[in-house]
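Participant: Read off the chains here:
2 protein chains.
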Amino acid sequence: MTEPTSWVEGASGSLFDVDNLPYGVFSHDDEEPRVGVRIGDLVLDLAPVAAGEMLEVAHAFEATDLNPLMAMGKPAWSSVRRWVTSLLTDEAERPLVEPMLVPVDEVTMHLPVTVADYVDFYCSLDHAGNVGKIFRPDAEPLLPNWRHLPVGYHGRAGTVVVSGTQVRRPSGQRKPPTADAPTYGASERLDIEAELGFVVGAPSELGHQVPVEAFTDHVFGVVPLNDWSARDIQAWEYVPLGPFLGKSFATSVAAWVTPLEALEPARVDLPGQEPEPLDYLRVGPGAGYDIDFEVELNGEVVARPPYASMYWSPAQMLAHLTVNGASLRVGDLFASGTVSGPRPDQRGSFLELSWGGKEPFTAGGRERAFLEDGDTVTIRATAPGRLGRIALGEVTGNVVPAR
Amino acid sequence: MTEPTSWVEGASGSLFDVDNLPYGVFSHDDEEPRVGVRIGDLVLDLAPVAAGEMLEVAHAFEATDLNPLMAMGKPAWSSVRRWVTSLLTDEAERPLVEPMLVPVDEVTMHLPVTVADYVDFYCSLDHAGNVGKIFRPDAEPLLPNWRHLPVGYHGRAGTVVVSGTQVRRPSGQRKPPTADAPTYGASERLDIEAELGFVVGAPSELGHQVPVEAFTDHVFGVVPLNDWSARDIQAWEYVPLGPFLGKSFATSVAAWVTPLEALEPARVDLPGQEPEPLDYLRVGPGAGYDIDFEVELNGEVVARPPYASMYWSPAQMLAHLTVNGASLRVGDLFASGTVSGPRPDQRGSFLELSWGGKEPFTAGGRERAFLEDGDTVTIRATAPGRLGRIALGEVTGNVVPAR
Numbered sequence: 000m001t002e003p004t005s006w007v008e009g010a011s012g013s014l015f016d017v018d019n020l021p022y023g024v025f026s027h028d029d030e031e032p033r034v035g036v037r038i039g040d041l042v043l044d045l046a047p048v049a050a051g052e053m054l055e056v057a058h059a060f061e062a063t064d065l066n067p068l069m070a071m072g073k074p075a076w077s078s079v080r081r082w083v084t085s086l087l088t089d090e091a092e093r094p095l096v097e098p099m100l101v102p103v104d105e106v107t108m109h110l111p112v113t114v115a116d117y118v119d120f121y122c123s124l125d126h127a128g129n130v131g132k133i134f135r136p137d138a139e140p141l142l143p144n145w146r147h148l149p150v151g152y153h154g155r156a157g158t159v160v161v162s163g164t165q166v167r168r169p170s171g172q173r174k175p176p177t178a179d180a181p182t183y184g185a186s187e188r189l190d191i192e193a194e195l196g197f198v199v200g201a202p203s204e205l206g207h208q209v210p211v212e213a214f215t216d217h218v219f220g221v222v223p224l225n226d227w228s229a230r231d232i233q234a235w236e237y238v239p240l241g242p243f244l245g246k247s248f249a250t251s252v253a254a255w256v257t258p259l260e261a262l263e264p265a266r267v268d269l270p271g272q273e274p275e276p277l278d279y280l281r282v283g284p285g286a287g288y289d290i291d292f293e294v295e296l297n298g299e300v301v302a303r304p305p306y307a308s309m310y311w312s313p314a315q316m317l318a319h320l321t322v323n324g325a326s327l328r329v330g331d332l333f334a335s336g337t338v339s340g341p342r343p344d345q346r347g348s349f350l351e352l353s354w355g356g357k358e359p360f361t362a363g364g365r366e367r368a369f370l371e372d373g374d375t376v377t378i379r380a381t382a383p384g385r386l387g388r389i390a391l392g393e394v395t396g397n398v399v400p401a402r
Numbered sequence: 000m001t002e003p004t005s006w007v008e009g010a011s012g013s014l015f016d017v018d019n020l021p022y023g024v025f026s027h028d029d030e031e032p033r034v035g036v037r038i039g040d041l042v043l044d045l046a047p048v049a050a051g052e053m054l055e056v057a058h059a060f061e062a063t064d065l066n067p068l069m070a071m072g073k074p075a076w077s078s079v080r081r082w083v084t085s086l087l088t089d090e091a092e093r094p095l096v097e098p099m100l101v102p103v104d105e106v107t108m109h110l111p112v113t114v115a116d117y118v119d120f121y122c123s124l125d126h127a128g129n130v131g132k133i134f135r136p137d138a139e140p141l142l143p144n145w146r147h148l149p150v151g152y153h154g155r156a157g158t159v160v161v162s163g164t165q166v167r168r169p170s171g172q173r174k175p176p177t178a179d180a181p182t183y184g185a186s187e188r189l190d191i192e193a194e195l196g197f198v199v200g201a202p203s204e205l206g207h208q209v210p211v212e213a214f215t216d217h218v219f220g221v222v223p224l225n226d227w228s229a230r231d232i233q234a235w236e237y238v239p240l241g242p243f244l245g246k247s248f249a250t251s252v253a254a255w256v257t258p259l260e261a262l263e264p265a266r267v268d269l270p271g272q273e274p275e276p277l278d279y280l281r282v283g284p285g286a287g288y289d290i291d292f293e294v295e296l297n298g299e300v301v302a303r304p305p306y307a308s309m310y311w312s313p314a315q316m317l318a319h320l321t322v323n324g325a326s327l328r329v330g331d332l333f334a335s336g337t338v339s340g341p342r343p344d345q346r347g348s349f350l351e352l353s354w355g356g357k358e359p360f361t362a363g364g365r366e367r368a369f370l371e372d373g374d375t376v377t378i379r380a381t382a383p384g385r386l387g388r389i390a391l392g393e394v395t396g397n398v399v400p401a402r
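Protein chains in written order, with numbering that gives the first Met the number 0: chain A, 0 to 402; chain B, 0 to 402.
If you're looking for bench data, these hints aren't it; they were derived computationally from the structure. Quick caveat: nothing in here was measured; it's all calculated off a predicted structure. Where hints are given, some of them may not hold.
Which copy is meant is left open, so a pair is good if it fits within one copy or across any two.
[Unchecked claim] Pairs of lysine to aspartate or glutamate residues, derived as EDC-like cross-links and limited to a Cα-Cα distance of at most 20 Å, are as follows:
(1) 174 <-> 273
(2) 174 <-> 278
(3) 174 <-> 55
(4) 174 <-> 139
(5) 132 <-> 64
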């Protein structure tokens, strides 16, 4: 079969060709936010096109988040994607569709999903090993449970913000190991974590497990995610109940949600799991994703973390998350944890890139460790698509001083 | 001033007199759920009364959760409470209001609040000390941060269920310390935690702290809460990121939310904090609440935890939760952590009552430790009110076997 080509100027061969088609929520001029799909450097305003064709899905495109579209379930996700593809490739649709294209630099992007629960995992072997060595230099870097289950915890859903939102440096309690008592003040070890977020579209029932095989039935798409972290606050607070204020001040996600279907060509085998996981966590070939991340600090690439190196797959994260019968809701978000590869320039946090601040890295022509006020961090990712490489939405944030 | 007396039969002198007036969401016959207030053994159907008086608040009473009412803010909470009090005490209102009273045993109660984020704290010194001694017998029971900040973590908002919902025994990974590897199976150490939950009504802005003084501006009311816990799952998973699946299968809350205003007469001083907390956590007299809990196992009281013994106050929990600039949303829920007093019969979990299963307690005429299938646990609480004692809504749940 010959691949149909898009009639949209500049789309063919770009990172946002018809094999990508991420969804987002945009507004133009003073109009209400609504659902759009990205093609090339343009956003297609889906609601009027669907309304013009008298399609029932139009109401989902008029929403201010992707939740109603996601709630329609996997068969609808596929049929909507086929419909959008035909709109953008069939010359006959052009007269109707072309007036509904808006340049992406003329729109404001909004948080694409109203987040129900947010769970953050810890699935990179290299990241977990690095953090273990940095925080517990005299002990075994990996804790005993790490190779048996994808370790995770709940984060704050209410402070998930869209790419571009300024991030205020948090204040709180921190206590250096050498101090007698904690003090209050602005975090001095503000960090990033380059992650991949998975957005749940189809819910599940309380008391029922979601098996690894049902992963693509429930997960709608992915977003690059920056899990901003205040390492000094986190180090003091986290025993025994885990990270709390060190993370809850902001988590940034990309404005564009790439459908899982667009990532089918990016599926790869996991690097290998030893020991073999328990039955409910067992996956076959192609459980991983070959996605290349880039971390940019003030416009300069400082790391290139490879998602293909992740130890636990997203299907395993989802199966684990629900093994106790916990239900899923439309808009649940779960993230991979920091993506770090085996090489020093593949580390997805400044904590690792600077080895706990002790081995600064060079950026902007000088030595750097943790985030400074005014820094801008942008995380980008690309993957093999059906026609060429596709770009996932970027996630960017600028650090503003503590209040 | 002479206190007005309610004309509602059986209300005066009961635990649900006009000094209480908790809100809930009920349905009657096959009608849509809506907001009611409890008086004696009756529920007042607020929507038609408010609509009859052409009050704007009627739309909030027609909602299927308390969120719109809570979103109206503290001045509205007070004026609605005054209006409801006048309805139930003024004989002139009786002809209009009496037909809108429904016996509480004829209604179905629903989850009163759509929960935004759920945070669970760990504020009882006795509980934290007991758990430390049970889990880490050779170490200092309290971790270094415990007396400096109210330790907390995010729980799963999507599995907060209303009192009466059956609780299915969760399955998952657990590894006894003596085993070589984890196994999959139903939890063998299912437990309860008797807690008090605080429901946030008024939101706050991202990047802004909520000081201890603003506690009553943001918190609408309280609910007894059972933080069901699978101790074996929790023990294996919780390092280093905290409890996850050991808690996320279900958290039960009372159907009735007692307004904070009703608890004004229950305010007491905290037992005392040493060392003195940092400035942002400093509170004056009356920061605690004198609320007596009862834990019933299959109809028999097995513990009477005193809330007045809690180390950290709810105003401190809220100030800490937002000290990093994390925003609050309407419907946020934060809980105190297990309420345990200094005496053995004041412990709010079976883990403590049975000292890790090693010292069973007696209930139903035999030795008991963790929960068995078929067990019903009910947590009740009362407090001094303006006219006499008031009852907080009870929270009950029945354990059903693993699937």
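Participant: Does each hint hold? Answer for all of them.
Facilitator: Comparing the hints with the structure gives:
Taking CA atoms no more than 20 Å apart as the test, residue 174 paired with residue 273 passes between copies only; the shortest distance there is 17 Å, against 37 Å inside one copy. For the homomeric pair residue 174 and residue 278, the shortest alpha-carbon distance between copies (15 Å) is at most 20 Å, but the shortest distance inside one copy (42 Å) is not. Taking the shortest alpha-carbon separations for residue 174 and residue 55, neither the intra-copy value of 57 Å nor the inter-copy value of 51 Å comes in at or below 20 Å. In this homomeric assembly, residue 174 and residue 139 come within 20 Å of each other (Cα to Cα) only across copies, at 19 Å, whereas the closest approach inside a single copy is 24 Å.
Taking identical chains as interchangeable, the C-alpha atoms of residue 132 and residue 64 are never at most 20 Å apart, the minima being 41 Å within one chain and 48 Å between chains.
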